[in-house]
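There are 4 protein chains.
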Amino acid sequence: MSEQIDEPIGVAVVGAGYWGPNLVRNFQASQAFRLLWLCDLDLGRAQRALGPYSTVQPTTDLATVLADPRVRAVAIATPAGTHLQVALAALRAGKHVLVEKPLAATHRDGLTLVEEAERRGLVLMCDHTYCYTPAVMRIRDLVRSGDLGEVQYVDSVRINLGLVQRDIDVVWDLAPHDLSILDFVLPEEIRPDAVAAHGADPIGAGRSCVAYLTLRLPGGGMAHVHVNWLSPVKVRTTMIGGSKRTLVWDDLNSSQRISVYDRGVDVAYPDELGAEERRDLLVSYRSGDMIAPALVEREALGSMVEEFAGSITTGRTPLTDGRSGLRVLEILEAASRSLAEGGALIPVGVSR
Amino acid sequence: MSEQIDEPIGVAVVGAGYWGPNLVRNFQASQAFRLLWLCDLDLGRAQRALGPYSTVQPTTDLATVLADPRVRAVAIATPAGTHLQVALAALRAGKHVLVEKPLAATHRDGLTLVEEAERRGLVLMCDHTYCYTPAVMRIRDLVRSGDLGEVQYVDSVRINLGLVQRDIDVVWDLAPHDLSILDFVLPEEIRPDAVAAHGADPIGAGRSCVAYLTLRLPGGGMAHVHVNWLSPVKVRTTMIGGSKRTLVWDDLNSSQRISVYDRGVDVAYPDELGAEERRDLLVSYRSGDMIAPALVEREALGSMVEEFAGSITTGRTPLTDGRSGLRVLEILEAASRSLAEGGALIPVGVSR
Amino acid sequence: MSEQIDEPIGVAVVGAGYWGPNLVRNFQASQAFRLLWLCDLDLGRAQRALGPYSTVQPTTDLATVLADPRVRAVAIATPAGTHLQVALAALRAGKHVLVEKPLAATHRDGLTLVEEAERRGLVLMCDHTYCYTPAVMRIRDLVRSGDLGEVQYVDSVRINLGLVQRDIDVVWDLAPHDLSILDFVLPEEIRPDAVAAHGADPIGAGRSCVAYLTLRLPGGGMAHVHVNWLSPVKVRTTMIGGSKRTLVWDDLNSSQRISVYDRGVDVAYPDELGAEERRDLLVSYRSGDMIAPALVEREALGSMVEEFAGSITTGRTPLTDGRSGLRVLEILEAASRSLAEGGALIPVGVSR
Amino acid sequence: MSEQIDEPIGVAVVGAGYWGPNLVRNFQASQAFRLLWLCDLDLGRAQRALGPYSTVQPTTDLATVLADPRVRAVAIATPAGTHLQVALAALRAGKHVLVEKPLAATHRDGLTLVEEAERRGLVLMCDHTYCYTPAVMRIRDLVRSGDLGEVQYVDSVRINLGLVQRDIDVVWDLAPHDLSILDFVLPEEIRPDAVAAHGADPIGAGRSCVAYLTLRLPGGGMAHVHVNWLSPVKVRTTMIGGSKRTLVWDDLNSSQRISVYDRGVDVAYPDELGAEERRDLLVSYRSGDMIAPALVEREALGSMVEEFAGSITTGRTPLTDGRSGLRVLEILEAASRSLAEGGALIPVGVSR
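Residue numbers (the working numbering), protein chains in the order written: chain H, 121 to 472; chain D, 121 to 472; chain G, 121 to 472; chain C, 121 to 472.
Treat the hints as calculated values from the structure; they're not laboratory data.
Honestly, I wouldn't trust all of these hints.
The list cannot tell twin chains apart, which means a pair is met if one copy fits it or any two copies do.
Listed below are the simulated DSBU-like cross-link pairs for lysine-lysine, each with C-alpha atoms no more than 35 Å apart in a straight line [unchecked claim]: (1) K354 / K221; (2) K354 / K364; (3) K364 / K221.
Extracted from the complex, chain H is given alone in its bound form (with noise of 0.2 Å):
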């Protein structure tokens, strides 16, 4: 048993552009795996993304890699106009799948990679890379063992200078990250059920660049995401404000990226009172002490590497599996009719 996971488990990655030389980078630094091929339509691009050092297979020929019995997962980091095409081929040539965010351009399309995955019993991951931060991982735990108590409302900021997409907006763009992270985070039953969504194409750029997400989250929260590709400064904040504690999370502050406030506004619903005396509440504020918990600093992408290597030797599902891909498609497709719709609410999550 312990040679199968001692033996490294061959991978190709497919896709050589922004992404690919990143996921290149993690899979040669991992024990677990032993990258074999990285294809690309275009060679040439392959090959500078690999080096003149590289003994790793450069290809443009997708067939010959599925066809290499050598190779037992794929990494897909093509545009996602192709992931349905290429991921499918993948999982019927009896790979597990490792795909870049979005899963899919579809949720549609996205469910029939899920289904293929469930069918044939491989892994079907989805890279959402900040899941793995160590940050995010902390939030994670802070979430969900109760240290903040009931999450009451979501605040994710993602602005910088972005590059305008040609084939997308701002949200399908950047706010995955976001939704990745809450779909994360958040316990199940307090996952968003509609979104509401506002943009602005100030610039004439044919789609949004500047965009605003309201998710309602049930239990009376809600979740606010604000993305745009027009900002001269970088932002990346979220923060969570629970009943108990409240958390803020920035994670361009590497010497701080979390920090947990006991400080917050308790309401008191004195029992003995009437309907209409209980209009009184008590309030009460908290002010106590901020801690910042220490963070090991490790690469997402590592994580998120072995991460995807458990879950093809041990049959687990991985952490962020095709199935959480597929709420994220949902919202975003949600979103996108919402802002076709002049900022109405749109339910999500309905089938669940």
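Please arrange chains D, G and C on chain H, whose structure you already have, making use of the hints.
Same frame as chain H, now just chains D, G and C:
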């Protein structure tokens, strides 16, 4: 004439609660005014606000104050629900009036005040204090001079652990600051023409404690305001994105309140191309220097008090006149309606 | 007895220049005091400091003030060179005395005052304002309770664009703050026992405008103070490294003034080893959480004034008594000597 | 000629410890070089540094490397104590040499290397990496172009929780960065001419863990360096005060590394006055804008490697040549002497 100017203006402050003492202090510090009365229903509170060393006279009787011929101006810092009554009495007694924000409890009440003041040729000024900070004065200059180019988006955040009010929600409590600043700095032609509001009351306070306003600006721009009573950290940041430059105002960074970035996205539309090709817009990115203009620190209330004096002595319209207070009220009422209607977009300023 | 306590202490402020008005404001706000006089050689300045609404009496005649039997305490905010004369007169008139820092122009003068006060059983207190900030009070607790372990090093930076003084250098102008804080928070047994000073006058002002003090602490520790009039940015940071924890005080970060890090270097010395092997010390690194204790914001001068009142009514020694002022003077004089001798290490506290 | 330039320079890296892998990565990324060998006494370490996918050859045998005629350049990242021997062997084998900082263990050893390289007409370059950051390159321009005016003072802080070294103190470990930067940006005529050093070893490590260097600059200026292994927070800030402007470099603020302040103190000396009156100098204060110049992010090691290539192919002196390494060594040795002599001021650069 000059003697008329030199003679200090007799003034009375009505309301010795949270804000009144600040007005007292600033009227006392101003050479343009002679503070004569501090009026409050609670005499002890008025006395405590004045302290044991003051020669200013405390009183509970507004009629006495208004009957005092030395009193030419009245500053009102009572709860919003009483503004109509107190201000109307003062105007009818021929006094110039300064009113704490919001101008009145409703747009209709505010309009009554504005019309009364205009009929009598008296100054009616709204104490939109933030507009008189050196930062906002400079921002107004930068926006109106065209230095930023056309305003594309505004994002304003005003959050901290705030007093949960018993009669108004967080929108009415905090957003007047942002809305009055917007009214102050934006050119008239791009004042908001519609608003959508989303709020949450996760602590069961009976009113929104967290809220987001999305304001549509004529010409394709958008303004967004985030107000929150529950945040353990205080944030006071406004970003104004322009076609030429983008400004960030961080009111808590006393050493660098304003940063102007020559950084952004430019889109060119080649003239010779057909409609089809024009979709391939040419996007380019500017990455220039940032300039933080020097600001002279000055207490906003001091400048506000001088503006009140200047309006009285010269007869000119104050920078933050009753009409600006009205416009703020109109947006607040529309926001309340939007909140009640689940975030629907509500038009404003139709009648302007 | 309780009546004696309840009766406000009659107090006079001498000096209406830069600092005097702050004392005036705080004595007026204190229920423990009744401010009777503001004395200054320039009557107009005293009148302007009081403003047109005050019932406090301005005067130019110190003798009148000292002859007033209602005056039990005198607060002196005149130039340092006059402290000896004014304070001595006040003490000889039987008044309790509060003196602006530094206690006197020289250690010898200061000693005269201390001895006079002790002989007469009067309070002589030095207005080391910073010691009364909530932050420094908390730091004192943290250091003295042993929470930080043994103090290993202190690094203090106090720089900004400051007024180039005509009669004193930057060491005498700014370092008294740092030295009085050190005196306040450090346990007696590790008070500095030697100082070396380096300074520069790069603008030709005739005295040091930038200076560094290195203070030797008994037991192998070191404290270091950086003072600078020429810095365009304001920095007010003190780090106190302890064997258990390290504290960082950033006085300009109002939302997180104190941060206590459970992070550092531990060295173990295996007992069983010979001297030779002991060189191979065992170094280990702690990397724990950071805690930012909640501080209640309170104006330091208000607490200082209460301490003065408490010392007068109970007869106890104030936290910052004349002797603490003396110790600061001794280090300042040694620093001046070191500057004159090219940075030589000058002993202090020999006679303690 | 152009062919000679186009042909990549064969290079070997010696030392696969902490820094070597960074050199390996950057030589691999450079088109100007062809990395042929990675040499380390520990073959496994060399293999691990290369990883399982590299075609670069690991070896333990320096002689083989030096005998390889394809190798034209050698980069040395071994402990400082071995620099003399390894670099001398490489130079004698006719190879151009890049040496990790410090150039050598002693000034005398460094001089031997410099003279050997000059005799043979070979490049000897010191890897003062920080000098090749975009920030320091820009600072050099700003200082040397006169934009800051005359340099009046420099204050440099480089502190964090660092590895307590077993063979060198914190001065030799960290100060070479600051000293090489100073050497790089300051005009030749104001290079430090004396140094005083104060250190402490509060943890009993057997060598200074906290230290302060005061450097005298010809013309009345001063530079100061604070290095510290024990600080729980990381600070990397350098302030350069000039007669016209003052620059602050905060290397950890990736969004605003350099800030140039048009703020400071001006002193005027009226010509017509006698010596006596001239003491009444006219001090004025400038309070202008701050500019944060845009910097293109680029990895310093990449630029350093290009500089090495440029020096080899064109024969010009590299920006950080052996002589700059020598000047740094001279100050380090003087600092050690000052530490041993209780902070005495030790002259440097006498022989220049």
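Hint by hint, here is what the structure shows:
1. K354 / K221: both (21 Å within a copy, 33 Å between copies)
2. K354 / K364: Both, since 30 Å and 18 Å are each at most 35 Å.
3. K364 / K221: both (33 Å within a copy, 33 Å between copies)
Of the numbered hints listed earlier, not one is contradicted by the structure.
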